[in-house]
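Kindly produce the complete structure, drawing on both the sequences and the hints.
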Amino acid sequence: MRSIAVLLTRNCHSRMGSGAFNYALPEITVEACSVSMLLGSCQIALLFCCRFVSEMDLASTDPEIFALCKAEKKRQICSLELIASENFASRAVLEALSSCFSNKYSEGQINARYYGGNEVVDAMELLCESRALALFGLQDHEWGVNVQPLSGSPANFAVYTGLVGPHGRIMGLDLPDGGHLTHGFQAPSGRKVSATSLFFESMPYKVDPNTGLIDYDQLALTARLFRPKLIIAGTSAYSRYLDYARFRQIADSVGAILMADMAHICGLVAAGLHPSPFEYCDIVTTTTHKTLRGPRGALIFYHKLARIPTKISNGVSPQNGAAGDRTSTDFERRINEAVFPGLQGGPHNNNIAAIAVALQEAATPEFRLYQKQILANMQHLCAELTSLGYKIVTGGSDTHVCLVDLRPNKLDGSRVERVLELIGVAANKNTCPGDVNALRPSGIRLGTAALTSRGLREVEFTKVAEFIHRAVVLTRRANELSGSKLMKDFNAVLNDNSEIKDSLCVLKKEVETFASSFPMPGLSDM
Numbered sequence: 001m002r003s004i005a006v007l008l009t010r011n012c013h014s015r016m017g018s019g020a021f022n023y024a025l026p027e028i029t030v031e032a033c034s035v036s037m038l039l040g041s042c043q044i045a046l047l048f049c050c051r052f053v054s055e056m057d058l059a060s061t062d063p064e065i066f067a068l069c070k071a072e073k074k075r076q077i078c079s080l081e082l083i084a085s086e087n088f089a090s091r092a093v094l095e096a097l098s099s100c101f102s103n104k105y106s107e108g109q110i111n112a113r114y115y116g117g118n119e120v121v122d123a124m125e126l127l128c129e130s131r132a133l134a135l136f137g138l139q140d141h142e143w144g145v146n147v148q149p150l151s152g153s154p155a156n157f158a159v160y161t162g163l164v165g166p167h168g169r170i171m172g173l174d175l176p177d178g179g180h181l182t183h184g185f186q187a188p189s190g191r192k193v194s195a196t197s198l199f200f201e202s203m204p205y206k207v208d209p210n211t212g213l214i215d216y217d218q219l220a221l222t223a224r225l226f227r228p229k230l231i232i233a234g235t236s237a238y239s240r241y242l243d244y245a246r247f248r249q250i251a252d253s254v255g256a257i258l259m260a261d262m263a264h265i266c267g268l269v270a271a272g273l274h275p276s277p278f279e280y281c282d283i284v285t286t287t288t289h290k291t292l293r294g295p296r297g298a299l300i301f302y303h304k305l306a307r308i309p310t311k312i313s314n315g316v317s318p319q320n321g322a323a324g325d326r327t328s329t330d331f332e333r334r335i336n337e338a339v340f341p342g343l344q345g346g347p348h349n350n351n352i353a354a355i356a357v358a359l360q361e362a363a364t365p366e367f368r369l370y371q372k373q374i375l376a377n378m379q380h381l382c383a384e385l386t387s388l389g390y391k392i393v394t395g396g397s398d399t400h401v402c403l404v405d406l407r408p409n410k411l412d413g414s415r416v417e418r419v420l421e422l423i424g425v426a427a428n429k430n431t432c433p434g435d436v437n438a439l440r441p442s443g444i445r446l447g448t449a450a451l452t453s454r455g456l457r458e459v460e461f462t463k464v465a466e467f468i469h470r471a472v473v474l475t476r477r478a479n480e481l482s483g484s485k486l487m488k489d490f491n492a493v494l495n496d497n498s499e500i501k502d503s504l505c506v507l508k509k510e511v512e513t514f515a516s517s518f519p520m521p522g523l524s525d526m
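Here the sequence shown stands for residues 1 to 526, where the numbers follow my numbering.
Don't read these hints as lab results, they were simulated from the structure.
Just to be clear, a hint being listed does not mean it is correct.
[Unchecked claim] What follows is a list of derived Cβ distance ranges for each label pair:
1) Ser130 - Asn495: 51 to 61 Å
2) Leu221 - Val193: 17 to 27 Å
3) Leu68 - Arg477: 32 to 42 Å
4) Glu72 - Asn495: 18 to 28 Å
5) Glu366 - Ile77: 19 to 29 Å
6) Ala67 - Glu95: 16 to 26 Å
7) Leu221 - Pro166: 25 to 35 Å
8) Gly116 - Phe66: 48 to 58 Å
9) Lys74 - Ser130: 16 to 26 Å
10) Pro166 - Asn495: 26 to 36 Å
11) Asn495 - Glu64: 23 to 33 Å
12) Arg246 - Arg440: 30 to 40 Å
[Said to hold, decoys possible] Derived pair list, reagent style DSBU-like, types lysine-lysine, alpha-carbon separation capped at 30 Å:
13) Lys192 - Lys508
14) Lys206 - Lys229
15) Lys463 - Lys391
Ideal Cβ placement from N, Cα and C applies to all residues, glycine included.
And the structure:
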């Protein structure tokens with residue numbers, strides 16, 4: 001019996017390590033205890049062993065996940081991230097993200113939780129809210145914000161749930177024209193692709209096929225016919241300013257709520273380098289991980305006061321009332337209840353803490369300089385690609401994103417994306433205006449926010465444009481060798497043709513050498 005206890009005690013010591021608290025089991029003899037007591041002591045020993053497992057680092061606890069973390073870190077360092085929705089969070093943001101706030105459950109709102117022990121969480125969430133309002137120059141008697149949504153799609157869905165209701169009508173920019181799935185996209189066949197189109201009645205507005213710019217006149221006409229309850233001014237792959245004043249006029253003409261989805265341009269708006277939607281919109285949603293450079297999460301801003309349209313003899317004027325003509329809304333209650341308990345349980349408090357850190361970083365002069373460089377880099381990238389013969393949708397960009405139309409190159413986005421991936425350049429295929437098949441889009445979307453975070457400037461983006469061009473040339477050659485329209489045949493050439501494989505290898509090494517010369521923000525080892 002004694003040997004069992006000694007064995008368990010030694011096992012505890014070995015698992016806890018020399019720096020851990022050493023708990024010695026009492027000596028156990030046959031005379032001193034029954035078998036049941038012995039089993040109880042064994043259970044206590046095991047509990048003490050398990051108690052300290054969490055003190056072991058990731059490399060010791062789970063070598064497989066640790067190896068994957070290191071591999072992803074290496075990939076990010078040695079690659080060029082051009083995906084417009086990605087960025088590199090700072091070390092401070094990542095430290096908050098991995099903090100003990102992850103342990104706490106906090107269903108409900110500040111000072112109205114369904115669990116005890118949330119006084120610190122309340123203070124943290126209140127700080128996050130106040131920083132969000134301050135960053136965009138909003139007064140708390142006019143605007144409120146919910147910082148609990150887990151990401152952008154749930155945030156948008158919460159707005160629709162709270163303010164539109166089942167089968168209510170919404171309008172958003174069509175996906176092939178630069179909109180987002182959550183803005184109500186459904187396939188031309190009528191198949192409802194997103195939950196938004198499944199639970200709500202959606203009608204897209206579109207861009208002018210000749211210019212690639214939003215057709216506001218047609219939008220106004222469609223709105224008068226469709227009579228939406230909510231209009232979304234937001235984009236995912238549209239590179240020009242939105243005319244929020246015109247959106248407001250159209251929304252008022254049909255009595256619709258106006259919502260802006262500024263997920264992509266949030267950082268630019270915060271820096272004062274992009275028109276702000278807050279002057280014109282009732283609701284503003286945003287993610288926090290794109291140009292804002294925070295963790296994955298979302299914010300829902302809501303106006304506490306509604307505009308009162310000016311009455312005229314035969315109905316309601318399409319023009320706004322004066323600035324002071326407002327009345328209280330119940331947007332706050334309806335949105336908060338849609339987030340919880342409508343769609344979520346407990347919020348991810350570590351995410352909210354990390355968002356608060358990102359908001360503080362965004363209020364600094366350095367952040368504004370960073371956003372200016374994002375725009376300068378995008379302007380330069382567009383100019384370089386244009387000089388190489390590529391067609392940029394709308395002819396350029398006002399933001400951090402551009403869309404390259406590959407139809408003049410006799411290629412599609414899927415093939416170019418794959419070749420870029422093989423050489424260490426991350427971008428994404430994207431529909432262009434006029435596309436009818438979202439599974440085989442004609443374009444490639446590029447963004448400059450992530451690489452700007454790594455310190456690249458205009459001169460380096462000349463090299464980035466060169467890498468893209470060489471990848472497209474290689475894609476065209478592989479496509480010719482495949483002699484097929486099928487993606488599997490194209491991939492077979494990439495995998496088996498020695499000429500293509502050698503060219504890919506050479507280009508990948510060049511990209512790795514170039515990319516790894518720039519520092520990567522965040523934690524040093526993960």
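Here's how the hints hold up against the structure:
{"no.": "1", "hint": "Ser130 - Asn495: 51 to 61 Å", "in the structure": "holds, 54 Å"}
{"no.": "2", "hint": "Leu221 - Val193: 17 to 27 Å", "in the structure": "holds, 25 Å"}
{"no.": "3", "hint": "Leu68 - Arg477: 32 to 42 Å", "in the structure": "holds, 33 Å"}
{"no.": "4", "hint": "Glu72 - Asn495: 18 to 28 Å", "in the structure": "holds, 23 Å"}
{"no.": "5", "hint": "Glu366 - Ile77: 19 to 29 Å", "in the structure": "holds, 23 Å"}
{"no.": "6", "hint": "Ala67 - Glu95: 16 to 26 Å", "in the structure": "holds, 22 Å"}
{"no.": "7", "hint": "Leu221 - Pro166: 25 to 35 Å", "in the structure": "holds, 27 Å"}
{"no.": "8", "hint": "Gly116 - Phe66: 48 to 58 Å", "in the structure": "violated, 35 Å"}
{"no.": "9", "hint": "Lys74 - Ser130: 16 to 26 Å", "in the structure": "violated, 39 Å"}
{"no.": "10", "hint": "Pro166 - Asn495: 26 to 36 Å", "in the structure": "violated, 48 Å"}
{"no.": "11", "hint": "Asn495 - Glu64: 23 to 33 Å", "in the structure": "holds, 27 Å"}
{"no.": "12", "hint": "Arg246 - Arg440: 30 to 40 Å", "in the structure": "holds, 33 Å"}
{"no.": "13", "hint": "Lys192 - Lys508", "in the structure": "violated, 40 Å"}
{"no.": "14", "hint": "Lys206 - Lys229", "in the structure": "holds, 18 Å"}
{"no.": "15", "hint": "Lys463 - Lys391", "in the structure": "holds, 19 Å"}
In this structure, the earlier hints numbered 8, 9, 10, 13 are contradicted, and the remaining ones agree with it.
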